[in-house]
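> Here is how the chains run, residue by residue.
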Amino acid sequence: MNDLRQPDDGSPGPDRRGVLECMAWAGTGLLWSLGGGLPRAMGLEKALAAGTEPAPFTFLQISDSHVGFDKAANPDALGTLREAVRKIALLPEKPAFLIHTGDISHLSKEREFDDADQILRETGLPTFFVPGEHDLLDNGQGRAYLGRYGKGSRGAGWTSFDRNGVHFIGLVNVVDLKAGGLGNLGEDQLDWLERDVAGLSASTPVVVFAHIPLWTVYPEWGWGTQDGGRALALLRRFGSVTVLNGHIHQIIQKVEGHIAFHTARSTAFPQPAPGSAPSPGPMKVPAGDLRKLLGVASVSLVGGAGPLAIIDTPLAG
Amino acid sequence: MTATIPSLRRWFYPAAVLTAALALGLNPATAGPADTAQERIVRIDNFTFSPEVVTVAPGTTVTWINGDDIPHTVVSPSGRFRSKTLDTDDRFTFTFPAKGEYPYFCSLHPHMTGKVVVRDAPE
Numbered sequence: 001m002n003d004l005r006q007p008d009d010g011s012p013g014p015d016r017r018g019v020l021e022c023m024a025w026a027g028t029g030l031l032w033s034l035g036g037g038l039p040r041a042m043g044l045e046k047a048l049a050a051g052t053e054p055a056p057f058t059f060l061q062i063s064d065s066h067v068g069f070d071k072a073a074n075p076d077a078l079g080t081l082r083e084a085v086r087k088i089a090l091l092p093e094k095p096a097f098l099i100h101t102g103d104i105s106h107l108s109k110e111r112e113f114d115d116a117d118q119i120l121r122e123t124g125l126p127t128f129f130v131p132g133e134h135d136l137l138d139n140g141q142g143r144a145y146l147g148r149y150g151k152g153s154r155g156a157g158w159t160s161f162d163r164n165g166v167h168f169i170g171l172v173n174v175v176d177l178k179a180g181g182l183g184n185l186g187e188d189q190l191d192w193l194e195r196d197v198a199g200l201s202a203s204t205p206v207v208v209f210a211h212i213p214l215w216t217v218y219p220e221w222g223w224g225t226q227d228g229g230r231a232l233a234l235l236r237r238f239g240s241v242t243v244l245n246g247h248i249h250q251i252i253q254k255v256e257g258h259i260a261f262h263t264a265r266s267t268a269f270p271q272p273a274p275g276s277a278p279s280p281g282p283m284k285v286p287a288g289d290l291r292k293l294l295g296v297a298s299v300s301l302v303g304g305a306g307p308l309a310i311i312d313t314p315l316a317g
Numbered sequence: 001m002t003a004t005i006p007s008l009r010r011w012f013y014p015a016a017v018l019t020a021a022l023a024l025g026l027n028p029a030t031a032g033p034a035d036t037a038q039e040r041i042v043r044i045d046n047f048t049f050s051p052e053v054v055t056v057a058p059g060t061t062v063t064w065i066n067g068d069d070i071p072h073t074v075v076s077p078s079g080r081f082r083s084k085t086l087d088t089d090d091r092f093t094f095t096f097p098a099k100g101e102y103p104y105f106c107s108l109h110p111h112m113t114g115k116v117v118v119r120d121a122p123e
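Going line by line, the protein sequences match chains R and C.
Residue numbers for the first sequence follow full-length UniProt numbering, so the first one is 1 and each next one is one higher.
Residue numbers for the second sequence follow full-length UniProt numbering, so the first one is 1 and each next one is one higher.
These aren't lab readings, by the way, just hints derived from the structure by calculation.
Incorrect hints may have been included.
What the hints assert, rightly or not - List of simulated lysine to aspartate or glutamate pairs, DMTMM-like, C-alpha gap at most 25 Å:
hint	chain 1	residue 1	chain 2	residue 2
1	C	Lys-84	R	Asp-162
2	R	Lys-178	C	Glu-39
3	C	Lys-84	R	Glu-256
4	C	Lys-84	R	Asp-70
5	C	Lys-84	C	Asp-120
6	R	Lys-178	C	Glu-52
7	C	Lys-84	R	Asp-114
8	R	Lys-109	C	Glu-52
9	R	Lys-71	C	Asp-45
10	R	Lys-109	C	Asp-90
11	R	Lys-284	C	Glu-101
12	C	Lys-115	R	Glu-220
13	C	Lys-115	R	Asp-115
14	R	Lys-71	C	Glu-101
15	R	Lys-178	C	Asp-90
16	R	Lys-109	C	Asp-120
17	R	Lys-109	C	Asp-45
18	C	Lys-84	R	Asp-289
19	R	Lys-284	R	Asp-115
20	R	Lys-178	R	Glu-220
21	R	Lys-109	C	Glu-101
22	R	Lys-284	C	Asp-69
23	C	Lys-84	R	Asp-115
24	R	Lys-178	C	Asp-87
25	R	Lys-284	C	Asp-87
26	R	Lys-71	C	Glu-39
27	R	Lys-71	C	Asp-120
28	R	Lys-178	C	Asp-120
29	R	Lys-284	C	Asp-89
30	R	Lys-284	C	Asp-90
31	R	Lys-94	C	Asp-89
32	R	Lys-292	C	Asp-90
This structure is a prediction, so every number in the text was calculated from the model and none was measured.
Taking the hints into account, I'd like the entire structure generated from these sequences.
Next comes the structure, spelled out in structure tokens:
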């Protein structure tokens with residue numbers, strides 16, 4: 001749990017209490033705002049309540065929809081995705097776009113992707129994707145995902161683009177996983193990443209998104225990326241780096257130097273806090289609590305020297 | 001290791017003791033034919049293969065059953081066997097004809113590893 005401490009250098013970041021509160025199950029999405037190059041997230045619920053300081057540039061992170069999942073932890077994952085999308089429509093500040101950090105589907109079935117796409121389209125927002133391991137289960141081991149979401153991407157679906165002076169990088173760390181290992185980026189992708197950021201000035205705010213956490217959250221459950229450190233080393237010279245991940249179905253944050261890490265809630269089902277259960281499998285909670293533990297995140301970039309603002313929003317308060 | 005358990009258990013039954021002794025004494029190569037060409041089950045529960053290591057005789061069929069609410073796979077890194085995605089209660093079966101060690105893992109959750117050891121029944 002050392003990872004969750006406030007950094008000693010006084011840099012912006014969540015305090016311990018804040019982090020622990022964030023770790024409570026809640027939320028459907030994270031609203032992210034970039035303030036002075038640093039992103040901050042806030043729950044969607046809080047973002048809806050606040051609504052006073054409109055950020056000039058906001059995007060939204062949604063994750064782990066697991067469309068097709070119908071087990072006890074949430075028999076209607078499609079329904080909760082729909083609820084999340086309705087929440088997004090209510091935001092006072094319309095996000096510029098959506099980032100989906102993977103596990104769009106549960107079993108990579110065409111029908112699951114179709115259903116997810118249909119609902120996500122209702123946001124009317126451009127959407128950028130990276131795959132989760134659940135999106136690469138077709139017989140072609142990811143061909144279906146690439147056919148649908150991979151336009152303009154490289155390799156297994158990695159991509160980069162620029163918006164409002166921010167450089168966005170989507171990485172894929174769920175391909176070619178090695179026995180006994182964690183998430184994996186691989187040499188080709190790391191080479192590409194090095195070239196991708198080579199021409200950028202160190203003052204360019206960078207937002208990296210990938211499915212499995214790029215930092216080691218809990219290796220006993222595979223919650224980390226084997227060569228994630230090499231990617232982060234390539235980004236260390238930048239003044240503001242925000243790393244957005246999914247996979248673990250709960251909010252965990254950490255700040256390390258100029259790099260802020262944040263994982264988003266799922267819209268489908270919660271998973272237990274690291275080590276708090278026999279396995280990371282779907283966590284069954286009382287029906288009335290489920291929507292407090294699902295959510296999205298909204299991120300906004302605001303002028304000045306503050307960090308990106310991230311607002312995590314649960315499906316229900 | 002676990003393959004010895006059925007043999008040991010037999011020692012508790014007098015008739016089986018005789019059978020086993022005969023088998024051991026007269027024809028070690030086929031010791032305990034009942035221990036060999038059979039089936040073994042490996043359960044997948046709580047993101048764990050159980051038992052993690054199974055020791056079987058050549059010709060044994062191993063069946064994996066996924067009891068989790070999350071899909072898993074059974075994949076040999078050398079490519080010898082690879083299951084389809086196993087959803088809840090799905091099974092994968094593979095027969096191991098030759099002696100050797102066969103490590104495997106879940107390609108979705110690679111921290112999940114297991115091994116099938118194929119060798120002649122213990123003397």
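> Does Lys-71/R pair with Asp-120/C here, judged by a C-alpha cut-off of 25 Å?
Since the Cα atoms of Lys-71/R and Asp-120/C sit roughly 42 Å apart, the hinted pair is violated (cutoff 25 Å).
> Would the hint linking Lys-71/R and Glu-101/C be met if the CA-CA limit is 25 Å?
Between Lys-71/R and Glu-101/C the Cα gap is close to 36 Å, so the pair fails against 25 Å, i.e. violated.
> Sort out whether Asp-90/C lies within 25 Å of Lys-292/R, counting only the CA atoms.
Given pair Lys-292/R, Asp-90/C is violated - Cα atoms ~32 Å apart, limit 25 Å.
> Next pair to validate is Lys-178/R with Glu-220/R; report whether the Cα-Cα distance is within 25 Å.
holds (15 Å)
> Taken at face value, is the distance from the CA of Glu-52/C to the CA of Lys-178/R at most 25 Å?
Holds, at about 17 Å.
> Below or equal to 25 Å on CA atoms is what counts here, so check Lys-284/R against Asp-115/R.
Measuring from Cα to Cα gives roughly 24 Å; hence the hint holds.
> Assess, step by step, whether the Cα of Lys-84/C is no farther than 25 Å from the Cα of Asp-70/R, and give holds or violated.
holds (20 Å)
> Within a Cα-Cα threshold of 25 Å, do Lys-109/R and Glu-101/C meet the stated pairing?
violated (34 Å)
> Does Asp-90/C lie within 25 Å of Lys-178/R when you go C-alpha to C-alpha?
Cα-Cα ~23 Å, so holds.
> Assess, step by step, whether the Cα of Lys-84/C is no farther than 25 Å from the Cα of Asp-289/R, and give holds or violated.
violated (34 Å)
> Would the pair Lys-284/R and Asp-89/C pass a check requiring their Cα atoms to be no farther apart than 25 Å?
holds (19 Å)
> Check the hint pairing Lys-84/C with Asp-162/R against an upper bound of 25 Å on the C-alpha distance.
violated (38 Å)
Violation of the numbered hints given earlier is confined to hints 1, 2, 3, 5, 8, 11, 13, 14, 16, 18, 21, 26, 27, 28, 31 and 32; the remaining hints are satisfied by the structure.
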